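All chains should be built: construct the whole structure from the sequences, respecting the hints.
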Amino acid sequence: MSDRPRGGLLALCLAELVSWGLLYYSLPVAVTVIEDDTGWSQTTTMAALSAGLVVSAVAGIRVGRLLDAGGPRTVMTLGAVLGVVALLVVAAAPNLPVFYLGWLLAGLAQAATLYPPAFAVVTRWYGSARVRPLTLLTLVGGLASTVFAPFLAFLLDRLGWRMSYVVMAGILAVTVVPLHAFFLNRTWTEVREPSAAPTAAGGPGAAPATPGEAR
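Reading the sequence shown from the start, the letters are residues 57 to 271 in my numbering.
Just so you know, the hints here were simulated from the structure itself, not pulled from any lab data. One thing to keep in mind: the hints can contain errors.
[Said to hold, decoys possible] DEER-style ranges, computed between Cβ atoms:
| # | residue 1 | residue 2 | range |
| --- | --- | --- | --- |
| 1 | 125 | 223 | 30 to 40 Å |
| 2 | 219 | 157 | 33 to 43 Å |
| 3 | 237 | 214 | 41 to 51 Å |
| 4 | 106 | 214 | 37 to 47 Å |
| 5 | 92 | 154 | 13 to 23 Å |
| 6 | 184 | 99 | 40 to 50 Å |
| 7 | 84 | 226 | 40 to 50 Å |
| 8 | 113 | 190 | 41 to 51 Å |
| 9 | 154 | 63 | 33 to 43 Å |
| 10 | 93 | 242 | 36 to 46 Å |
| 11 | 66 | 118 | 25 to 35 Å |
| 12 | 98 | 70 | 24 to 34 Å |
| 13 | 95 | 214 | 18 to 28 Å |
Nothing here was measured: the structure is a model prediction, and the numbers come from that model. A virtual CB, placed ideally from N, CA and C, is assigned to each residue, including glycine.
Okay, here's the thing in structure tokens:
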């Protein structure tokens, strides 16, 4: 399909791996360290992620409409930028309300970066041949916990949770933001489906060409 940029699927797979690892799996890995440092209970801390997921689900409707109307580059790049901001807010949170604010912002970022928008892009790129690319994207995204859990545990042990979230924001900024900005479509290109060949010139089933088809 003409909409599909070269290297787009690989870039999207990498972006999903990083986005899932940092915007979703980071808190389950960090929750014990956060509790030890702040005294916030694990239940209260994890509820911030749950609140963000609710925001993500609600915002996903609007994100889908924006993707359909204007293409994925702007929406998903801004989503990644918002993810960077969200992680920095989490890192700097002096209290639970600000911590929750960070995860609510992360929920908005999730709506524009995780599977639903990525699946929409792959479906647009590959059409009827989308099954294998979607499967690959799902598998790579599913590796996020395997890849990032030990890495984040290492960061938390060396840097503490606040500085670790600053590092995570930096990783998101130098990977997902440029991947979305350079490999996703700015706008969608309308692709005409090939019309059925006439049965015979001028014969039954041969519709006259419209002005648009005659160009």
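Evaluated hints:
Range check, residue 125 to residue 223: about 35 Å between beta-carbon atoms, so the 30 to 40 Å window is met. Checking the proposed 33 to 43 Å range against residue 219 and residue 157 shows it is violated: the Cβ atoms sit about 20 Å from each other. In this structure the hint that residue 237 and residue 214 lie 41 to 51 Å apart at CB is violated, the actual value being about 30 Å. Roughly 28 Å separates the CB atoms of residue 106 and residue 214, a value that falls outside the hinted 37 to 47 Å.
Remark: the range hint 13 to 23 Å for residue 92 to residue 154 is upheld by a beta-carbon distance near 19 Å. The supplied range of 40 to 50 Å is met by residue 184 and residue 99, whose beta-carbon atoms lie about 46 Å from each other. Between residue 84 and residue 226 the C-beta distance comes to about 21 Å, which lies outside the given range of 40 to 50 Å. Distance hint check: the CB atoms of residue 113 and residue 190 are about 20 Å apart, inconsistent with the given range 41 to 51 Å.
For the pair residue 154 and residue 63, the beta carbons lie near 38 Å from each other, so the given range of 33 to 43 Å is met. Distance hint for residue 93 and residue 242: a CB-CB separation of about 43 Å, consistent with the stated range 36 to 46 Å. Checking the proposed 25 to 35 Å range against residue 66 and residue 118 shows it holds: the Cβ atoms sit about 28 Å from each other. In this structure the hint that residue 98 and residue 70 lie 24 to 34 Å apart at CB holds, the actual value being about 31 Å.
Restraint check, residue 95 to residue 214: a C-beta distance of roughly 22 Å satisfies the suggested window 18 to 28 Å.
Hint compliance for this structure: hints 2, 3, 4, 7, 8 are not met, and every other hint is.
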